[in-house]
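There are 4 protein chains.
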Amino acid sequence: MTEPASTESHVFKCRVYYEDTDAAGVVYYANYLKYAERARSELLRELGTDNSALLRRHGVMFMVKEFAATYHEPARLDDALQIRTRISRIGGASFSAEQRVEREGRLLVGMKVRLACVDARGRPARLPDEIRLAFAT
Amino acid sequence: MTEPASTESHVFKCRVYYEDTDAAGVVYYANYLKYAERARSELLRELGTDNSALLRRHGVMFMVKEFAATYHEPARLDDALQIRTRISRIGGASFSAEQRVEREGRLLVGMKVRLACVDARGRPARLPDEIRLAFAT
Amino acid sequence: MTEPASTESHVFKCRVYYEDTDAAGVVYYANYLKYAERARSELLRELGTDNSALLRRHGVMFMVKEFAATYHEPARLDDALQIRTRISRIGGASFSAEQRVEREGRLLVGMKVRLACVDARGRPARLPDEIRLAFAT
Amino acid sequence: MTEPASTESHVFKCRVYYEDTDAAGVVYYANYLKYAERARSELLRELGTDNSALLRRHGVMFMVKEFAATYHEPARLDDALQIRTRISRIGGASFSAEQRVEREGRLLVGMKVRLACVDARGRPARLPDEIRLAFAT
Chain F
493 MTEPASTESH VFKCRVYYED TDAAGVVYYA NYLKYAERAR SELLRELGTD NSALLRRHGV
553 MFMVKEFAAT YHEPARLDDA LQIRTRISRI GGASFSAEQR VEREGRLLVG MKVRLACVDA
613 RGRPARLPDE IRLAFAT
Chain L
493 MTEPASTESH VFKCRVYYED TDAAGVVYYA NYLKYAERAR SELLRELGTD NSALLRRHGV
553 MFMVKEFAAT YHEPARLDDA LQIRTRISRI GGASFSAEQR VEREGRLLVG MKVRLACVDA
613 RGRPARLPDE IRLAFAT
Chain R
493 MTEPASTESH VFKCRVYYED TDAAGVVYYA NYLKYAERAR SELLRELGTD NSALLRRHGV
553 MFMVKEFAAT YHEPARLDDA LQIRTRISRI GGASFSAEQR VEREGRLLVG MKVRLACVDA
613 RGRPARLPDE IRLAFAT
Chain B
493 MTEPASTESH VFKCRVYYED TDAAGVVYYA NYLKYAERAR SELLRELGTD NSALLRRHGV
553 MFMVKEFAAT YHEPARLDDA LQIRTRISRI GGASFSAEQR VEREGRLLVG MKVRLACVDA
613 RGRPARLPDE IRLAFAT
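Residue numbers (the working numbering), protein chains in the order written: chain F, 493 to 629; chain L, 493 to 629; chain R, 493 to 629; chain B, 493 to 629.
Next up, chain F with everything else stripped away, as it sits in the complex (with noise of 0.2 Å):
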């Protein structure tokens, strides 16, 4: 995973709950994909929209169509983390992204995710234009 200039990458905080972590004492694997998703979320809400608004204004949603992970290091419990999200590829319908969980500069997790946008019955839609834009930009 290559470094994404910090200019182009979004930043998401997020904190370790008890609700995260498991027996092992550090956070259960699939739970970094959460924080992942609620990077995305909050990537399109900065970006002037929603998962809700897509689907109402525009009838799509974006569904995960291939995931890779790479576990570093694990987080733990009261852990501060930042999940750093960078737009690498926009295509006609589907777009992909390098997701990096972070503690203090420090690589925990390191994410490639692949989105195809669908519409409501989850055939292939065109990637709205308002998010093509804004992604490019």
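These are calculated hints, taken from the structure and not from any lab test.
Be a bit skeptical, because a hint or two may be false.
Identical chains share a label here; the pair holds if one copy fits it or two copies do between them.
[Said to hold, decoys possible] In silico SDA-like pairs for lysine to any residue, Cα to Cα no more than 25 Å straight-line:
#1 K604 with S501
#2 K505 with H550
#3 K505 with G540
#4 K505 with R615
#5 K505 with D621
#6 K505 with R568
#7 K557 with R613
#8 K604 with D542
#9 K604 with R507
#10 K505 with S544
Starting from the known structure of chain F, arrange chains L, R and B on it as the hints suggest.
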């Protein structure tokens, strides 16, 4: 919580996985509500229906309106649990259940729950007759 | 649930993400307990401590022993929620709180919770003085 | 992902409940990782051990270091799923598995996971011989 006759209560078996536990080494308190909901879903299935069919055929679903739990002892990773469910009241548009999380016959968590029957918009709806009949027997 | 004076209650802000919702289109009933626990954790943090520090410095943690909720209206995707927490009782080895999930001042879920202070083995422990003092003021 | 011979793969059955779904009406993308972990836990159990015993007897546990998933089709409420697990590589201090989430023989999600064997402090540890032997046969 009165002890229901064993012939009257439905038993659902449930294993504790990492996802259920937290950094305190025990099952996270919210996750017992998942076990309880799984048990109610399986009770429906044994009565010959399920949540999807209720919505498709009758346009209704069940929403929890009141919930109370007493946590006696924690469950831990790899525990084999039994969730006992007894329908304690059947009303016109709601029903109540008493549910017990047990490990080898020992009560870990006792729960009481009241569920309303609602239509797709969340408005109160009459309990379908097939459910009423099934619960009564 | 009596309305606590606004000066007495702690407010935690919380956004609803996809992870919180279910196929009924609303927040899954167990997930309000996560919001409640996050709010209690942030209350501790504002009092100058946190769960990790309590365990490290005093060898204690808080375990929920009783919980009750009344669900008035559901929260939905992208909702901005406020979780109000008021400490309603401080005992020798436990405390109680009233918690409200609100959206724009409207009560969605009312909760009452009693937590025991326990040591690492789960045995009752005296509430640390720093907590007792902080809660009282 | 190559199709493992049916004799080589472990099958775990799993039902979709409300807790697993989200407001898009499908299983939330992070929750397939829970199914995968349940399946790996049950595979261990069928080999005569479990996560708790590994920690107690050998002082080790398994931590996911790499994970990748391709989401082909979504699972929905009340679906009966099969999780197929095949150990694809056994190393000195780690192993890899290929896991498939299927519904009536149809592939919904394909996953690859690499797990490290670590001690209680998270340092690499040798795979216990009982595990190595069991995986190999």
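Do the hints match the structure? See the list:
For the homomeric pair K604 and S501, the shortest alpha-carbon distance inside one copy (14 Å) is at most 25 Å, but the shortest distance between copies (28 Å) is not. With identical chains, the CA atoms of K505 and H550 are never at most 25 Å apart, being 29 Å at best within one copy and 28 Å at best between copies. Taking the shortest alpha-carbon separations for K505 and G540, both the intra-copy value of 19 Å and the inter-copy value of 20 Å come in at or below 25 Å. In this homomeric assembly, K505 and R615 never come within 25 Å of each other (Cα to Cα): the closest approach is 33 Å inside a single copy and 28 Å across copies.
In the homo-oligomer, the alpha carbons of K505 and D621 never lie at most 25 Å apart, since the shortest distance is 28 Å inside one protomer and 31 Å across protomers. Taking identical chains as interchangeable, the C-alpha atoms of K505 and R568 lie at most 25 Å apart whether they share a chain (15 Å) or sit on different chains (22 Å). In this homomeric assembly, K557 and R613 come within 25 Å of each other (Cα to Cα) only inside a single copy, at 15 Å, whereas the closest approach across copies is 31 Å. Only within a single protomer do K604 and D542 lie at most 25 Å apart by alpha-carbon distance; the minimum there is 21 Å, versus 31 Å between protomers.
Taking CA atoms no more than 25 Å apart as the test, K604 paired with R507 passes in both settings, with 21 Å inside one copy and 24 Å between copies. With identical chains, the CA atoms of K505 and S544 are at most 25 Å apart both within one copy (22 Å) and between copies (19 Å).
Hint compliance for this structure: hints 2, 4 and 5 are broken, all remaining hints hold.
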